[in-house]
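Chains as they are written, first to last, in full-length UniProt numbering: chain H, 1 to 213; chain V, 1 to 213; chain Y, 1 to 213; chain G, 1 to 213; chain L, 1 to 213; chain W, 1 to 213; chain U, 1 to 213; chain A, 1 to 213.
One or more of the hints may lead you astray.
As the list claims (entries may be wrong) - One-sided excerpt, in silico: chain H residues whose CB lies under 8 Å from chain V: (1) Leu36; (2) Glu37; (3) Lys48; (4) Pro73; (5) Phe79; (6) Asn132; (7) Phe200; (8) Ser210.
Stated by the list, open to error - Beyond 12 Å from chain G on every Cβ pair, some chain L residues (computed): (9) Glu8; (10) Asn14; (11) Leu26; (12) Lys48; (13) Lys51; (14) Ala52; (15) Asp81; (16) Cys121; (17) Ala184; (18) Ala186; (19) Asp193; (20) Gln206; (21) Tyr208.
I should point out that these hints are in silico values taken from the structure, not numbers from a laboratory. Even glycine gets a Cβ: it sits at the ideal position worked out from N, Cα and C.
Protein chains: 8
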Amino acid sequence: MPKNFKSEFLSPENSVLLLVDHQLGLMQGVRDFRSLEEYKNNVIALAKTAKAFNIPVILSTSVDTGPNGFLMPELEELFPDAQVIRRPGVINAYEWPEFREALEKTGRKKVIIGAVTLETCVLFPTLSMLQNGYDVYPVVDASGSWSEMAAEAAMLRMTQAGAKLTSWASVVAELQADWRKPTAAAAAQIFHDHLASYGFLMDTHQNYASDRK
Amino acid sequence: MPKNFKSEFLSPENSVLLLVDHQLGLMQGVRDFRSLEEYKNNVIALAKTAKAFNIPVILSTSVDTGPNGFLMPELEELFPDAQVIRRPGVINAYEWPEFREALEKTGRKKVIIGAVTLETCVLFPTLSMLQNGYDVYPVVDASGSWSEMAAEAAMLRMTQAGAKLTSWASVVAELQADWRKPTAAAAAQIFHDHLASYGFLMDTHQNYASDRK
Amino acid sequence: MPKNFKSEFLSPENSVLLLVDHQLGLMQGVRDFRSLEEYKNNVIALAKTAKAFNIPVILSTSVDTGPNGFLMPELEELFPDAQVIRRPGVINAYEWPEFREALEKTGRKKVIIGAVTLETCVLFPTLSMLQNGYDVYPVVDASGSWSEMAAEAAMLRMTQAGAKLTSWASVVAELQADWRKPTAAAAAQIFHDHLASYGFLMDTHQNYASDRK
Amino acid sequence: MPKNFKSEFLSPENSVLLLVDHQLGLMQGVRDFRSLEEYKNNVIALAKTAKAFNIPVILSTSVDTGPNGFLMPELEELFPDAQVIRRPGVINAYEWPEFREALEKTGRKKVIIGAVTLETCVLFPTLSMLQNGYDVYPVVDASGSWSEMAAEAAMLRMTQAGAKLTSWASVVAELQADWRKPTAAAAAQIFHDHLASYGFLMDTHQNYASDRK
Amino acid sequence: MPKNFKSEFLSPENSVLLLVDHQLGLMQGVRDFRSLEEYKNNVIALAKTAKAFNIPVILSTSVDTGPNGFLMPELEELFPDAQVIRRPGVINAYEWPEFREALEKTGRKKVIIGAVTLETCVLFPTLSMLQNGYDVYPVVDASGSWSEMAAEAAMLRMTQAGAKLTSWASVVAELQADWRKPTAAAAAQIFHDHLASYGFLMDTHQNYASDRK
Amino acid sequence: MPKNFKSEFLSPENSVLLLVDHQLGLMQGVRDFRSLEEYKNNVIALAKTAKAFNIPVILSTSVDTGPNGFLMPELEELFPDAQVIRRPGVINAYEWPEFREALEKTGRKKVIIGAVTLETCVLFPTLSMLQNGYDVYPVVDASGSWSEMAAEAAMLRMTQAGAKLTSWASVVAELQADWRKPTAAAAAQIFHDHLASYGFLMDTHQNYASDRK
Amino acid sequence: MPKNFKSEFLSPENSVLLLVDHQLGLMQGVRDFRSLEEYKNNVIALAKTAKAFNIPVILSTSVDTGPNGFLMPELEELFPDAQVIRRPGVINAYEWPEFREALEKTGRKKVIIGAVTLETCVLFPTLSMLQNGYDVYPVVDASGSWSEMAAEAAMLRMTQAGAKLTSWASVVAELQADWRKPTAAAAAQIFHDHLASYGFLMDTHQNYASDRK
Amino acid sequence: MPKNFKSEFLSPENSVLLLVDHQLGLMQGVRDFRSLEEYKNNVIALAKTAKAFNIPVILSTSVDTGPNGFLMPELEELFPDAQVIRRPGVINAYEWPEFREALEKTGRKKVIIGAVTLETCVLFPTLSMLQNGYDVYPVVDASGSWSEMAAEAAMLRMTQAGAKLTSWASVVAELQADWRKPTAAAAAQIFHDHLASYGFLMDTHQNYASDRK
């Protein structure tokens with residue numbers, strides 16, 4: 001029987017989530033999603049995922065008193081006790097000592113990252129972290145882009161550098177791994193609320209189930 | 001000065017909303033939206049609109065014990081006291097006496113309609129109502145379609161017949177008409193929650209406003 | 001209560017289906033569908049619809065010994081007893097006496113038409129029939145086109161002339177009208193086999209139903 | 001020879017331009033353009049067109065101290081002497097007496113309108129003006145939309161009501177009519193600066209021309 | 001039997017083709033085709049169609065010594081004896097006396113028109129000709145546009161005004177009407193050379209046919 | 001002459017097919033195909049391919065009594081004797097001992113995999129199998145995705161890890177290798193039934209062939 | 001100064017072109033191009049390129065008496081003296097001894113390949129040739145695909161294996177390298193005839209040039 | 001603390017910008033952008049970036065007296081003192097001694113390159129420079145392409161060879177690195193003028209800020 005074949009997967013014990021620069025102004029600039037509602041939905045789903053699996057989360061903003069705007073209030077509400085690391089100017093979050101130290105303090109080497117734009121706030125820290133020995137998972141659908149071309153370039157550059165591109169629902173499934181584990185209800189609730197098709201299936205199933213009694 | 005130039009517009013006093021067949025199974029078949037989340041978002045936004053403007057709402061389902069599935073629970077929760085007219089087989093809701101009588105009882109002649117698929121549940125009642133003297137407003141983005149071609153055909157056929165195609169946010173604006181009217185806060189809240197860009201603007205504005213004090 | 005409000009709808013008693021030039025060679029030229037499988041699926045679904053509702057069907061081909069090719073064998077198999085009217089050169093099927101007489105003999109005035117390309121085999125007979133007092137329903141998703149632009153032009157021209165654009169599943173629903181009518185099983189079977197989403201719903205429902213016993 | 005065959009066209013003498021609600025916040029919500037730069041480019045090109053042809057322009061904003069934001073500064077700079085009609089809440093600009101009177105004062109019956117979203121700020125005044133005897137030309141590419149579906153619905157509804165949909169470069173050509181008229185240089189400059197292909201052609205031509213000397 | 005049911009169709013005897021402003025510079029600006037090769041292919045196919053059916057053709061250019069550039073040489077070669085009406089500035093070709101007189105001299109009332117951009121060179125003469133009693137057929141795929149939005153607006157405006165939108169291959173079929181007429185070989189050759197799929201079918205058929213002998 | 005240059009290709013002798021989680025509920029969530037009919041068509045084509053080449057097939061489902069739903073009946077019918085490995089919760093099929101043992105028992109190292117969503121049911125086993133020395137061929141068009149972005153991320157991540165992305169018709173051709181081998185008729189039948197264009201060609205060819213006699 | 005920096009580029013001296021299976025039937029199945037005319041244009045452009053640069057060309061077909069059809073006559077006309085290697089069944093052209101020997105006889109190691117479908121006729125020989133030490137350049141726009149997904153999979157798999165994806169106009173430029181070399185006129189003619197934009201530029205330039213005299 | 005983790009990033013001190021062949025004629029051929037305005041906008045934004053960060057810029061043109069046309073005047077105006085290296089025929093700029101020497105003279109090893117088409121003017125020098133030890137950053141949205149397929153092929157080939165694909169706004173952010181550095185105002189101005197969304201945010205912010213005083 002193969003040994004340790006699971007070793008490369010994300011788990012609630014080996015992962016940390018970085019949510020970078022999902023600020024009210026910057027969110028407006030995202031243009032690679034036809035529907036900004038879809039993007040907002042994905043960001044919140046990813047944030048809830050960390051909560052459901054009790055994964056450490058590091059939030060950060062960039063020059064949030066300027067045009068970039070304040071952090072999305074939905075994220076503040078989800079993590080009322082989280083410290084938001086407010087970077088006064090450094091674009092690459094990993095370069096900001098307070099941020100880097102917060103990451104190091106988690107002791108985790110698998111980093112899930114969603115940030116407002118792939119080609120800046122995701123790309124730069126991803127490259128830095130790869131260079132520093134982290135295993136990085138950019139969540140491409142919880143990160144936007146100023147254009148489809150810019151997104152394409154950033155995805156190829158990060159893949160080339162060794163990052164493992166992923167998507168929010170894939171992260172949920174990778175962390176859950178087995179639906180018999182106790183986080184199942186919380187994970188399923190995220191699917192229910194943020195993956196419309198799955199929500200319809202769950203509600204249908206519940207109707208049938210209750211009908212049977 | 002022109003008289004009655006507003007006469008052709010929707011108002012909270014002259015309108016009724018029909019929500020037809022947004023059932024758990026049928027919702028799955030909608031394929032003209034790339035993101036089913038966007039479609040669900042729009043349906044709920046339209047439903048809330050009726051509530052915000054205190055417009056009568058008529059809900060209906062078709063053979064809901066079969067594959068079509070039960071009504072989306074989100075709609076049931078929004079209208080806990082509403083009677084849902086369950087049609088046992090008639091596809092054109094307007095042909096079902098109980099439904100038609102409910103509509104007639106409202107005494108309103110401007111009908112806003114959203115239904116699960118444009119080419120059936122929207123199209124047939126729209127044509128019937130136009131023929132019976134109603135002014136019909138199909139909400140194309142709170143109605144889905146089995147394909148883009150089917151949607152295109154239905155939109156052209158309904159326009160040809162005299163229906164006025166519209167979209168949910170356009171309905172909100174048409175009903176609100178003046179942001180100084182008392183429904184403004186409720187209408188703005190719908191924009192905040194269902195039109196992501198507008199939500200970001202409102203939250204930004206509130207931050208600036210509170211900052212000024 | 002409104003009188004005759006159903007009068008404008010298709011019914012098994014007032015309709016006839018024309019299937020024109022779905023020939024093996026011409027089918028290859030259809031380019032407005034990304035997936036030719038989808039187009040073929042729709043043509044067969046429309047053909048089965050006529051059979052399920054026992055509507056008269058008129059099949060025709062154009063110069064079928066040349067590059068256009070023979071009729072799709074799937075259509076021949078569905079209608080083994082049908083006479084296929086083979087036009088030796090006339091493009092507008094309605095101009096061909098044998099075809100026109102076959103149509104007139106049905107005594108029906110509501111004509112559902114699917115043909116290999118919207119901009120020729122659908123467009124010309126549709127315009128002729130409208131001029132001769134027929135009510136014409138071009139089925140846009142059971143008809144192809146040499147390009148998306150050509151399809152768009154033909155759809156606008158036919159709508160302008162008074163044709164009622166429709167789609168195959170909309171035709172099924174318009175003919176069925178009430179799921180309690182005896183054709184329901186046959187109609188549902190067409191949905192099951194040609195509208196993948198609906199087939200999945202039906203199979204799911206049957207599983208649940210049999211589970212309950 | 002036909003008389004008055006030009007009578008239906010826009011001219012600098014018979015037209016007025018309305019620019020409605022191109023405000024900094026609302027512009028962010030436009031999602032039917034993949035590139036917001038393209039939308040901004042078109043709005044400015046349309047504004048310059050009015051200036052080049054010396055057509056009266058009426059600017060207006062809606063609740064500009066709130067989330068909608070202030071008027072785009074580029075428009076203010078183009079029309080430093082223009083009065084901006086600030087509507088405190090009325091959505092349909094034509095319903096606002098000050099706006100309507102400004103329009104009436106121009107004495108012109110052909111109205112070119114560009115506004116931030118087709119489905120609200122363009123649609124409502126367009127319908128009102130058509131009802132009041134104006135000939136209305138919505139400029140669809142200098143107006144945005146919250147979604148492609150909403151734009152499609154609004155375009156069909158306005159066409160049905162009698163509005164003549166147009167685009168900014170078509171307006172330039174319709175107003176110029178003859179390149180030998182004195183506005184030619186100004187019109188060509190707008191093409192040069194806002195229609196990239198035409199700019200490249202003009203610069204190429206100038207190179208060749210100067211080369212010949 | 002219905003009389004005159006063909007009366008509304010194009011025929012070689014009742015039609016004239018206008019080819020307007022397909023100039024080397026202006027062709028570069030066409031952006032609603034992803035492939036400019038496809039656009040050029042369509043223009044030439046339409047031109048050959050007139051030749052195959054011996055329909056009068058009127059060619060015109062606008063300010064062809066400036067950035068617009070000279071007429072496509074392919075068109076000059078196809079019609080070596082044609083007089084090209086060079087308009088020194090008037091944009092609407094129908095407004096230019098020489099052009100209008102050339103049209104009137106043909107004595108034909110059904111006008112097929114292809115021009116470099118739908119929203120100017122097609123739109124303006126189409127509106128003028130409709131107003132002067134012509135039956136106008138804009139060929140949308142042998143006419144380009146500066147953007148997809150501009151094309152959409154122009155198509156809706158022309159349809160609203162009564163023009164009959166069409167496409168080049170539809171024109172070929174409408175003119176040919178019956179493949180037993182003597183123009184068949186020439187018409188088929190155009191399909192062979194400009195509709196790739198049809199060319200492949202014809203070559204396949206010829207292979208089979210020669211094989212049989 | 002090169003030796004063993006074929007060694008890297010799939011063959012009926014070195015391959016095994018995994019079909020994972022094509023369940024009635026999960027199929028509904030696939031959104032990267034515009035046409036769900038196309039997806040269903042591809043899944044069945046891939047399944048038939050294994051049968052035509054007599055390749056071992058391992059079927060599996062995940063929590064099939066819940067919202068995910070039962071296995072597509074079409075797959076059960078194709079493999080009536082196959083054991084379906086029903087995983088009670090483990091998402092990564094390869095992690096489930098019964099599944100892994102079934103795979104090992106085949107003794108084959110080249111694994112063709114199609115599963116309901118690329119970003120979960122294909123991705124995780126693919127990564128595990130690559131790590132355990134298998135050569136993995138994810139069939140991207142017989143696997144769906146919750147969104148186009150998620151599909152893109154999964155495809156890049158799997159390519160980076162060494163998987164060889166493929167498509168169902170490419171698998172057929174790779175396995176057939178030479179049309180003179182005895183599986184040719186069965187392979188061609190799959191093309192006929194699931195690749196519409198090829199079916200039309202085959203039927204045309206048969207017509208010509210029989211015509212010659 | 002760097003040495004041999006050109007060593008990795010294609011040149012007329014180090015390259016050979018393979019054109020595989022561009023047969024009349026198979027061409028019909030190409031669906032990843034919206035316009036089949038564009039695909040045909042590209043194939044011919046690539047073929048002419050070999051001729052212009054006097055590069056050896058190897059043509060091959062697969063079972064050309066069956067549904068696949070005969071070689072495009074345009075290719076036969078371009079290379080009247082070429083031997084067409086007719087493979088009676090082997091799909092991977094490189095596996096067919098006669099083909100492989102023809103390639104080896106050229107003595108060239110840089111192989112440019114265009115074939116009717118990327119996922120079969122391009123993919124398999126490309127993988128074989130890479131394994132046998134060739135440097136392979138699949139021309140993706142002179143090769144089609146049965147679907148966009150299949151093309152994407154094949155492009156990623158070939159890139160992963162070391163093939164250098166290219167496009168026909170890029171090949172022309174890589175071979176020409178310097179516009180002062182004697183092949184310039186022939187290369188430019190290919191651009192003129194197959195890259196519409198460049199043709200318009202060349203004709204414009206010639207007009208200006210002759211004007212100057 | 002990690003050392004030198006910034007070492008792989010672009011900085012004003014380690015970078016040089018190459019702008020190759022953005023000539024008036026060649027710009028017309030770019031077809032992978034729907035809006036040529038967007039492409040022109042991006043090219044100018046990238047050029048201004050070099051200026052804002054005081055990075056050396058090397059401009060070059062290819063056969064600029066022929067159809068390719070002269071350099072875009074906007075670039076000449078931005079760099080009035082720059083020497084434009086006019087290549088009389090060599091396509092690969094790096095192969096032209098004067099160009100290569102200019103690059104070497106900068107002493108910089110990180111090369112940002114934008115050129116008129118990805119598949120020629122970007123691709124060839126990128127491959128040469130990678131081979132000569134440069135770190136190359138092709139700016140994909142300030143470079144065009146003759147088709148989307150050609151762009152895709154070039155992007156994969158360059159990534160495979162080790163180039164780091166990027167986009168103009170990503171370059172700005174990578175160079176700026178920290179908004180507290182003195183180039184901030186100039187960098188922000190580029191965002192303001194060329195990234196419409198960011199411009200709207202900045203103008204909004206300034207309005208709020210001035211309002212507070």
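### Query
What are the numbers of the hints that this structure violates, sorted from low to high?
Violated: hints 3, 5, 6, 8, 11, 16.
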